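Trainee: Read off the chains here:
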Amino acid sequence: MKILVCISKTPDTTAKIAFSDNNTKFAEAGVQWIINPYDEWYALVRAIELKEADPSTVLHLVNVGGADSEPIIRKALALGGDEAIRVNSDNADSFNIASQIAAIAKDGAYDLIFTGKETIDYNGSSIGGMVAELLDLPYISHAVKFDLEGGKAVVVREIEGGEETDKAALPLVVSCQKGMAEQRIPNMKGIMGARTKPLKVTEPVAAETLTAVASFDLPPAKAGVKLVPADNPEELVRLLHEEARVI
Amino acid sequence: MSTTTSTTANLLKGGEWLIKESSAFDTYTPEDFNEEQKMVKEMCLQFLNSEVLPVIDRIDKMEEGLMPSLMVKAGEQGLLGASIPEELNGLGKDFITSTLVNEGLGGGYSFSVAVAAHTGIGTLPILYFGTEEQKQKYIPKLATGEWKGAYGLTEPNSGSDALGAKSTAVLSEDGKHYILNGQKCWITNGGFADVYTVFAKVDGDKFTGFIVERGFEGFTQGPEEHKMGIKGSSTVQLYFQDCKVPVENLLGEVGKGHIIAFNILNIGRLKLCAAALGGAKMALTTTVEYANTREQFKTAIANFGAIKHKLAEGAIRIWVGESALYRTSKWIDDKEVELQAAGKPFNEALLGAAEEFAIECAILKVDGSEVLDFIVDEGVQIHGGNGFSDEYMISRAYRDSRINRIYEGTNEINRLLTVDMMLKRAMKGKLDLMGPAMKVSKELMSIPDFGSEDEGAFAAELKTIVNMKKAILMTAGAAVQKLMMSLSNEQEILMNIADMAIQVFHAESALLRVMKLAYKGEEAVSIQIDIMRCYLNDAVDKVNKAGKEAINAFADGDEQRMMLLGLKRFTKAAPFNSKDARRRIADKLIAENKYFL
Chain V
0 MKILVCISKT PDTTAKIAFS DNNTKFAEAG VQWIINPYDE WYALVRAIEL KEADPSTVLH
60 LVNVGGADSE PIIRKALALG GDEAIRVNSD NADSFNIASQ IAAIAKDGAY DLIFTGKETI
120 DYNGSSIGGM VAELLDLPYI SHAVKFDLEG GKAVVVREIE GGEETDKAAL PLVVSCQKGM
180 AEQRIPNMKG IMGARTKPLK VTEPVAAETL TAVASFDLPP AKAGVKLVPA DNPEELVRLL
240 HEEARVI
Chain C
0 MSTTTSTTAN LLKGGEWLIK ESSAFDTYTP EDFNEEQKMV KEMCLQFLNS EVLPVIDRID
60 KMEEGLMPSL MVKAGEQGLL GASIPEELNG LGKDFITSTL VNEGLGGGYS FSVAVAAHTG
120 IGTLPILYFG TEEQKQKYIP KLATGEWKGA YGLTEPNSGS DALGAKSTAV LSEDGKHYIL
180 NGQKCWITNG GFADVYTVFA KVDGDKFTGF IVERGFEGFT QGPEEHKMGI KGSSTVQLYF
240 QDCKVPVENL LGEVGKGHII AFNILNIGRL KLCAAALGGA KMALTTTVEY ANTREQFKTA
300 IANFGAIKHK LAEGAIRIWV GESALYRTSK WIDDKEVELQ AAGKPFNEAL LGAAEEFAIE
360 CAILKVDGSE VLDFIVDEGV QIHGGNGFSD EYMISRAYRD SRINRIYEGT NEINRLLTVD
420 MMLKRAMKGK LDLMGPAMKV SKELMSIPDF GSEDEGAFAA ELKTIVNMKK AILMTAGAAV
480 QKLMMSLSNE QEILMNIADM AIQVFHAESA LLRVMKLAYK GEEAVSIQID IMRCYLNDAV
540 DKVNKAGKEA INAFADGDEQ RMMLLGLKRF TKAAPFNSKD ARRRIADKLI AENKYFL
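Line order of the protein sequences matches chains V and C. Under numbering that gives the first Met the number 0, read the first sequence as residues 0 to 246, first letter to last. Under numbering that gives the first Met the number 0, read the second sequence as residues 0 to 596, first letter to last.
Derived from the structure by calculation, the hints contain no laboratory data. Any given hint could be a false lead.
Partial selection, computed: residues in chain V whose CB lies under 7 angstroms from chain C [unchecked claim]:
#	residue
1	P70
2	R73
3	K74
4	L217
In this text the structure is predicted, and so the values were computed from the model without any measurement. Positions of the beta carbon are idealized from the N, C-alpha and C atoms, including for glycine.
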């Protein structure tokens with residue numbers, strides 16, 4: 000069994016969000032980077048669990064990003080995985096990124112490709128589906144549970160108001176979310192081992208870029224709380240009706 | 000075991016920073032941590048956030064079995080074995096990495112204390128002084144946390160005066176056991192530890208170490224102490240009543256217990272500084288967050304200058320303390336490598352390295368514990384009435400901080416040691432204090448140097464450091480000459496000199512770090528420069544005050560006048576607007592909503 004886990008670099012959840020270049024670029028100065036939590040906590044940890052259950056499993060990680068992605072790739076390797084591949088590209092277009100991953104996946108002949116359900120910065124939710132399409136493989140999104148039974152995948156996914164259980168043959172692409180696994184902390188041995196695991200860098204393949212960001216906007220500042228005196232219920236009703244428009 | 004390559008050619012000896020100039024380029028700084036070290040530190044914080052802090056109330060209530068189980072988890076994580084060689088189930092990491100573990104776990108309140116005691120005084124005596132059999136028997140289990148370690152040195156009537164212990168050990172008639180009698184107190188982890196390093200006097204006068212296991216006949220323990228802080232840390236008394244300790248559990252040599260007791264403390268002092276700074280960073284972040292959300296007079300209190308001053312001062316002291324801590328850690332790391340290369344075995348190499356920098360370890364212990372105390376005290380102040388409530392974490396941080404100025408040698412003992420060790424080294428010819436001191440006293444008689452100013456970057460600051468060192472050499476040199484043997488009875492003067500040394504060592508460490516950052520062309524180091532200048536600006540005044548107190552205490556007449564003039568000259572600094580600098584530091588803390596450096 001060969002598993003490929005897609006690892007993306009995202010800003011820490013507490014990072015200050017600001018934009019530069021006329022609101023077309025994310026201002027990266029001083030930002031702390033983390034592994035996209037959906038990639039780390041669910042996709043990667045579940046893949047590690049599968050490898051723990053079957054030690055013959057080969058687990059590779061792939062990242063599409065610049066050299067500044069390497070600390071988070073090393074951290075992913077500290078958690079688990081045999082080797083990582085970084086496609087040296089700063090392209091932020093989902094189709095281009097998916098094309099890079101598909102090229103790596105094709106070469107590696109993987110049985111399973113895991114992604115997070117989305118990244119916490121661009122929230123595109125599109126990589127898994129695009130990779131599956133480019134490789135002509137089945138795709139199951141938003142998985143909360145993944146098991147292998149007799150060489151087939153049994154995947155539970157969340158749907159409105161309940162759950163759906165799917166079965167699929169391998170090879171397969173799955174996007175993962177909360178429920179797949181529990182967050183892990185790399186241990187000292189893992190951290191020490193990460194340094195010597197292979198981290199291969201490859202140049203991107205030629206691929207189209209289909210989208211570009213025209214501009215970013217911050218959400219409008221939240222209005223302050225209005226305090227209505229207790230002896231003026233009429234004013235409260237008026238505000239709820241005319242301003243908040245909830246009644 | 001260092002994973003970092005280094006040249007030892009420029010390695011200063013312990014205390015030599017006082018008489019020699021250090022190069023910024025050769026100075027190790029936290030910016031030099033490698034990727035692995037950064038990951039280790041981050042992992043420690045993750046461990047605290049996911050495993051320890053969510054149950055901190057239960058830890059403080061001493062929930063049965065909770066602390067030992069967390070230590071087992073820490074062991075699985077590899078956090079207990081960083082400084083233990085791989086062949087004994089440890090991870091064999093370099094000294095800087097193991098120090099980073101102490102710092103990383105420093106914000107864990109009582110848990111941090113339990114781990115530090117276990118990995119330090121609970122494990123190291125056996126690791127460094129044990130026989131091969133003793134190491135094989137105990138260390139692998141201590142490395143994983145299967146067994147917990149503790150250390151029994153203090154007795155009801157011998158604390159700082161450790162060698163005044165009353166506990167006795169007598170060899171049994173059949174020669175198979177030592178029979179221990181006595182009592183030990185304030186034993187951290189005592190309530191659940193499996194293995195204890197205990198000191199007693201063989202035949203009434205030979206101070207000796209022993210490894211005692213829980214369950215040895217005649218060994219019992221008292222109830223948990225009710226303490227002001229670190230309430231979740233187990234602290235009990237140990238009783239030995241004709242306790243039978245097998246002769247093979249003698250640790251080191253009979254009569255050589257003091258070597259174990261004191262050598263282990265050097266490392267412990269540096270590690271205490273690391274843990275204190277880790278705790279200080281967390282307490283400052285908690286306080287910044289509070290100041291940003293608490294509104295009074297229709298604005299966040301973080302916007303008030305009085306609060307900004309306190310927040311900035313906290314960041315200044317942490318950053319400067321950290322600069323001194325890792326500068327020293329690297330010296331120890333390098334010295335360890337040097338000694339191992341010279342054929343010393345692993346244990347002698349690290350102990351020798353720590354002993355070489357024992358002065359700096361004492362300085363770090365004092366400063367680290369006082370930085371933490373300052374930050375938690377002002378943290379409570381900024382929290383106002385809420386800070387006095389158990390509902391807020393800062394209240395726990397305040398209570399838990401206080402012990403740090405007491406254990407691992409009180410700060411008074413460590414101040415005395417700082418000067419005492421310097422003078423002893425000078426007398427042994429290891430540290431040439433007299434030559435430079437004579438030079439300074441000659442300079443006093445000559446025309447003052449009005450020297451050209453501002454040659455190159457940081458020239459003024461470098462000169463201030465050189466001058467402050469002269470102030471120390473002048474004061475200490477004259478005190479030794481004048482008081483000779485009676486100086487040891489003038490503890491007030493020794494405290495003054497220690498305070499001067501602490502200030503200068505830290506100020507210099509901060510300046511070197513800033514210079515290294517600037518040389519590297521790092522962007523946005525203006526905050527670090529502000530930090531260094533604020534510290535230096537205060538250090539000059541503190542050195543002046545301590546120097547004046549000392550000089551006035553032992554000198555008189557013309558000599559006194561001349562020295563006071565010299566002191567004034569050596570502690571001269573250009574006017575500096577520290578208010579604006581602190582505001583810039585505080586504004587950045589407020590914008591980041593945390594200690595961010």
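Trainee: For every hint, state whether the structure bears it out.
Mentor: Hints, verified against the model:
Because the beta carbon of V/P70 sits about 6 angstroms from the nearest beta carbon in chain C, less than 7 angstroms, this interface hint is met. Because the smallest distance between the Cβ of V/R73 and any Cβ of chain C comes to about 6 angstroms, under 7 angstroms, the interface hint for this residue holds. The closest approach between the C-beta of V/K74 and any C-beta of chain C is roughly 6 angstroms, which is under the 7 angstroms cut-off, so the hint is satisfied. Below 7 angstroms, beta-carbon pairs count as interface contacts, and V/L217 has none with chain C, the closest being about 15 angstroms; its hint is therefore violated.
The structure does not agree with numbered hint 4 stated previously, though it agrees with all others.
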